[in-house]
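Using the sequences provided together with the hints, build the complete structure.
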Amino acid sequence: MSKQGVEVSKKMELKVHSLGRVEGDLDVRVAVEDGVVVDAWTEATMFRGFEIILKGKDPQAGLIVTPRICGICGGSHLTKAVYALDTAWHTEVPPNATLIRNVAQAAETIQSIPRWFYALFAIGLTHQNYASSDLYDEVVRRWAPFEGEHYAIGVTVSSKPVEIYAIFGGQWPHSSFMVPGGVVSAPTLSDITRSISILEHYRETWLEKILLGCSVERWLENKTWSDVLNWLDERAAHRNSDLGLFIRYSMDIGLDKYGSGPGRYLAAGSFPHPQKYRFPTIDGRNAALISRSGVYDGKTFHDFDQERIREDHTHSFFRGSGSLHPFVGVTDPIDPVEGQKEGKYTFAKAPRYEVPGMGAVSLEAGPLARQVIAGRPGAEEWQDYDPLFLNIIQEIGPSVMVRVLARLHEAAKYYLRMRDWLKQINLNEKFYIKPRELPEGRGFGATEAARGALMDWLQIKDGKIDNYQVITPTAWNIGPRDGQGQRGPIETAMIGVPVRNPEDPVELAHIAQSYDSCLVCTVHAYDAKSHRELAKYEVVKM
Amino acid sequence: MANVLWMHGGACNGNTQSFLNAEEPTVIDLVTDFGINILYHHSLSMEFGEQVRHVFERILDGEVPLDIFVVEGTVIQGPNGTGRYDMLLDRPKKDWIWEFAHKAQYVVAVGDCACWGGVPATSPNPSESIGLQYQKGSHGGFLGADFRSKAGLPVINIPGCPSHPDWVTQILVAIATGRAEDVLLDELQRPQTFFKTFTQTGCTRVQYFEWKEPVEEFGQGTRKGCLFYEQGCRGPMTHSPCNRILWNRQSSKTRAGMPCIGCTEPQFPFFDLAPGTVFKTQKIFGSIPKEVPKDSDPLSYSVTAALARAAAPKWAREDMFVP
Ligand code: SF4
Ligand code: SF4
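Chain order of the listed sequences is A and B.
According to the working numbering, the first sequence is numbered sequentially starting from 5.
According to the working numbering, the second sequence is numbered sequentially starting from 330.
Just to be clear, a hint being listed does not mean it is correct.
Derived contacts from chain A toward chain B, CB cut-off under 7 Å, selection only [unchecked claim]: (1) 51; (2) 62; (3) 72; (4) 152; (5) 156; (6) 167; (7) 188; (8) 190; (9) 194; (10) 360; (11) 436; (12) 439; (13) 443; (14) 446.
Derived DSS-like pairs: lysine-lysine, alpha-carbon spacing no greater than 25 Å straight-line [unchecked claim]: (15) B:612 to A:434; (16) B:619 to A:468; (17) B:609 to B:465; (18) A:468 to B:612.
It is worth saying that the hints were derived from the structure and are not from the lab.
Note that the coordinates shown come from a computational prediction; the quantities given were computed from them, not determined experimentally.
Ideal placement from N, C-alpha and C gives every residue a C-beta, glycine not left out.
Structure below.
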């Protein structure tokens with residue numbers, strides 16, 4: 005490039021179209037200098053307006069509408085929507101119902117892990133950019149789309165865990181079987197037995213045999229990064245498992261070197277304890293969670309407090325600018341063409357969290373965030389305490405590789421939890437306690453979708469929805485700059501990334517995919533030299 | 330061999346997720362055994378953006394024949410008909426959809442959104458969403474009532490929120506293997522083979538329905554009773570094979586105890602989710618169901634219902650599905 009002239013070669017702006025996505029489309033613009041990304045803007049290009057649809061509707065409408073925000077995380081949407089109603093109506097939720105909600109939520113997540121890894125993430129690793137790696141042929145043999153040996157196994161096995169969801173909820177995706185006061189179903193013995201055997205199938209066919217190359221228990225013994233490296237050396241089966249191959253290949257092609265993100269994390273927490281959250285309240289939630297909530301600012305852990313959240317829309321295609329708590333949040337879209345005149349560039353809002361002593365900052369959500377929070381000392385004996393990923397980010401720092409590892413790690417953890425919850429269901433006890441439908445109320449519900457913190461704020465007035473605001477993991481991660489000019493997490497993660505081939509910046513794709521912010525799949529870039537009128541390969545004034 | 334282009338508009342990706350749950354055949358089987366050639370699918374394709382543009386252009390230039398154009402999601406027309414609420418490659422997606430629909434041999438709408446507008450088109454329809462050939466129940470939609478694909482068919486509607494993977498794979502295979510003529514459509518352009526029966530057909534609660542024994546409250550759901558009387562089950566009025574072709578090979582909403590919310594019908598979500606309509610049977614004079622099985626009327630229905638209830642055998646009041 006330098007042959008073309010000093011100025012042009014050094015700085016350029018790439019517009020990167022991300023075509024493969026799910027809930028709202030994403031384009032990314034990056035500024036590249038000397039082959040390294042120096043600035044980035046994430047642009048969500050689709051608007052459907054679910055929060056507007058919910059206004060004035062039946063208080064329970066969120067149970068039907070919010071799962072349809074995202075068919076990948078629909079069960080997670082249902083989970084937090086029902087807890088928002090539980091808190092607003094002051095229900096009692098029988099322990100059986102909590103167990104079933106937990107099983108269902110975890111089933112959606114362990115379904116998502118192989119489906120995301122093989123169908124959406126790993127196919128990118130077969131990109132010919134990496135052909136010089138010694139491991140490349142093996143990667144292609146296993147993970148190539150449709151033809152890869154493990155691609156087929158992984159994609160097929162992903163339909164199994166949601167069979168458990170269907171046993172309790174009738175179908176996946178898009179059931180609304182969780183209702184305030186419990187669940188609609190009341191399973192029989194055969195439902196439990198069948199669910200356990202489906203889980204075992206998942207473990208045998210994929211989790212242990214293909215992913216881990218060892219027992220779930222052996223993998224979970226790893227508490228530090230050096231444990232993981234020792235595990236890798238311990239047996240050929242570990243090295244050759246998909247997890248082992250992924251780690252070795254990542255270090256070979258540099259996925260451990262970039263995509264670190266803001267280094268600050270948020271987990272809304274999930275899986276209430278069946279006894280401790282019988283009477284759901286907003287304030288009592290944190291203390292009742294098995295997978296804890298929390299915020300880690302890079303040095304210190306903080307308790308999670310929904311009051312500290314604001315959504316900034318200075319750079320989003322919504323009227324005005326400002327930063328509101330979701331209870332008073334407004335969703336008032338404008339034509340992107342108008343918005344661009346005011347420096348707006350996306351349909352995502354920018355969620356921010358007021359960290360004590362730091363001000364309102366962006367936070368990364370997702371499996372890595374959850375697993376970092378899981379490393380916070382002081383867990384009760386019934387809560388999840390797992391120091392592995394806190395250690396990993398302290399030892400080698402976050403990266404694309406580490407984010408993916410955190411996701412895969414959860415398959416082992418949730419498998420064990422699900423077995424445990426299924427065992428605890430008492431077939432002769434209640435699954436539902438009819439609540440009083442209060443005409444006024446305010447609710448907050450949250451959970452962890454496979455891809456991160458997911459939360460609803462609900463205001464009921466005169467027996468109908470007065471305001472409904474949802475913050476998705478996607479918003480946390482792909483949110484744009486805020487009024488202070490602070491970048492969103494993916495924008496941050498893009499910075500410093502080496503772009504080997506500006507016409508095919510597969511590195512940017514890996515980053516977006518590692519967040520899996522419902523922007524699954526392919527990212528595309530084009531430039532002015534090769535691609536006609538859409539091009540933006542140009543000197544950027546910086 | 331059939332070339333398939335799958336595009337999503339105002340969608341949640343639920344139909345793709347459902348499609349990936351397919352088992353007989355699996356999505357992989359479709360590609361490796363049934364001659365389905367996926368030109369591009371937003372979640373499954375290896376192609377990168379510029380390669381995708383290339384795929385698109387080759388189709389539009391006529392270089393690559395487009396046999397089946399599948400759309401998941403609504404056509405987003407907002408704001409003010411510009412389509413700028415949903416852009417693809419810097420162009421309103423609605424414009425891409427229009428062009429591909431007019432290039433394809435067959436156009437298949439997968440899921441409620443593509444068929445009738447679905448949840449995004451619920452009032453006040455902030456994204457100005459519309460179905461391919463319907464807007465809710467009214468014929469026309471984005472492509473217009475007269476639209477016919479190259480093979481001479483209107484849009485084939487496979488509704489459901491989401492639609493069941495088998496409904497989709499079987500129609501794709503039928504078209505790919507030259508059996509498109511066998512796909513008989515009903516008056517809403519849905520394949521009759523799936524949508525002639527009702528959700529209620531095969532529901533495990535049908536005996537309770539006959540004897541008019543209700544599920545009194547949720548949580549008894551799986552044990553006994555019918556969800557029609559109190560919980561607003563639309564099973565008798567909804568055309569779907571949900572209890573014949575089970576979901577995820579295991580169950581269905583009504584089997585698990587959740588009322589059918591009628592997601593295969595154009596009016597879904599019913600009553601626009603107005604207060605008091607979610608999971609509640611709408612009634613006349615506080616007791617007679619406003620909507621009754623197709624081609625019946627509330628009054629004569631109620632008379633038979635009272636008789637049935639009086640004649641109900643003892644077991645109809647007991648749990649049938651015991652733990
Ligand atoms: S539960 Fe619904 S589908 Fe089943 S018998 Fe009753 S009304 Fe019909
Ligand atoms: S049971 Fe009713 S609501 Fe559920 S999928 Fe079938 S048609 Fe749709």
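For each hint, the structure was consulted:
Residue-level restraint check for residue 51 of chain A holds (minimum Cβ-Cβ distance to chain B is 4 Å; threshold 7 Å). Checking residue 62 of chain A against chain B by beta carbon gives a least distance of about 4 Å; that is within 7 Å, so the hint holds. Residue-level restraint check for residue 72 of chain A holds (minimum Cβ-Cβ distance to chain B is 5 Å; threshold 7 Å). Taking 7 Å as the C-beta contact cut-off toward chain B, the hint placing residue 152 of chain A at the interface is violated, the least distance being around 10 Å.
With 7 Å as the threshold, the beta carbon of residue 156 of chain A comes within range of chain B, its nearest partner Cβ sitting at about 5 Å, so the hint holds. Because the beta carbon of residue 167 of chain A sits about 5 Å from the nearest beta carbon in chain B, less than 7 Å, this interface hint is met. At a threshold of 7 Å, the smallest CB-CB gap from residue 188 of chain A to chain B is about 4 Å, leaving the interface hint in force. With its C-beta approaching chain B no nearer than about 4 Å, residue 190 of chain A sits inside the 7 Å limit, and its interface hint holds.
Contact between residue 194 of chain A and chain B, as hinted, is not supported at the beta carbon level, the nearest pair being about 10 Å apart and thus beyond 7 Å. At its closest, the beta carbon of residue 360 of chain A sits 36 Å from a beta carbon of chain B; the interface hint therefore is violated under the 7 Å criterion. The beta carbon of residue 436 of chain A is positioned within 7 Å of a beta carbon in chain B (closest approach about 3 Å), and the interface hint is therefore held. The restraint placing residue 439 of chain A at the interface with chain B is violated, with a minimum CB-CB distance near 10 Å, outside the 7 Å limit.
At a threshold of 7 Å, the smallest CB-CB gap from residue 443 of chain A to chain B is about 9 Å, leaving the interface hint violated. A cut of 7 Å between beta carbons decides the hint on residue 446 of chain A: the least distance to chain B is about 17 Å, and the hint is violated. Distance hint between residue 612 of chain B and residue 434 of chain A is unfulfilled; the C-alpha atoms sit about 28 Å from each other, more than 25 Å. Proximity of residue 619 of chain B to residue 468 of chain A is assessed by CA-CA distance (about 22 Å); at most 25 Å being required, the pair is judged to hold.
A threshold of 25 Å between alpha carbons decides the hint, and for residue 609 of chain B with residue 465 of chain B the separation of about 22 Å falls inside it, so the pair holds. For the hint linking residue 468 of chain A to residue 612 of chain B, the alpha-carbon distance of about 20 Å falls within 25 Å, and the restraint holds.
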